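Kindly generate the complete structure, drawing on both the sequences and the hints.
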Amino acid sequence: MNKQNRTEWMIVYVTPHLTDAQIVVGRLQHEGIPAFVDHMAGRGAFGITIGTWGEVRVLVHPNDYEVALDILEPDIDALPEGDEDDDNIIYYDDWKKEDDE
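Residue numbers for the sequence shown follow the working numbering, beginning at 131 and rising by one.
All the pointers check out, no bait thrown in.
Per label pair, the in silico range of CB-to-CB distance: (1) Thr137 x Glu196: 15 to 25 Å; (2) Val197 x Thr137: 12 to 22 Å; (3) Ile153 x Val197: 17 to 27 Å; (4) Trp183 x Gly162: 23 to 33 Å; (5) Phe166 x Glu196: 16 to 26 Å; (6) Gln159 x Pro204: 16 to 26 Å; (7) Val197 x Val167: 14 to 24 Å; (8) His160 x Asn193: 16 to 26 Å.
Calculated directly from the structure, the hints in this document are not laboratory data.
This structure is a prediction, so every number in the text was calculated from the model and none was measured.
Cβ coordinates follow ideal geometry from the N, Cα and C atoms, glycine included.
Shown next, in the form of structure tokens:
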């Protein structure tokens, strides 16, 4: 899959709790910022709440990243550390393939 078929998202919040992530998404959406929850499939079935399997991430478009951080910063301490580097970027392949167009 080539890069043109991928959408870039940035992590603005990380938590082990799905409910917390859903609240953060709701807050960002209320402010007009598209956001969604991302987590490993099956994490609840296995009861894993540590490490990568236990992470629940809130993702936003890179254009909204700074505004999202400004909105969340006063109330939370689980913001990603560091700069806007590759550690805070996630790529998703678009569901629709080029052949289907």
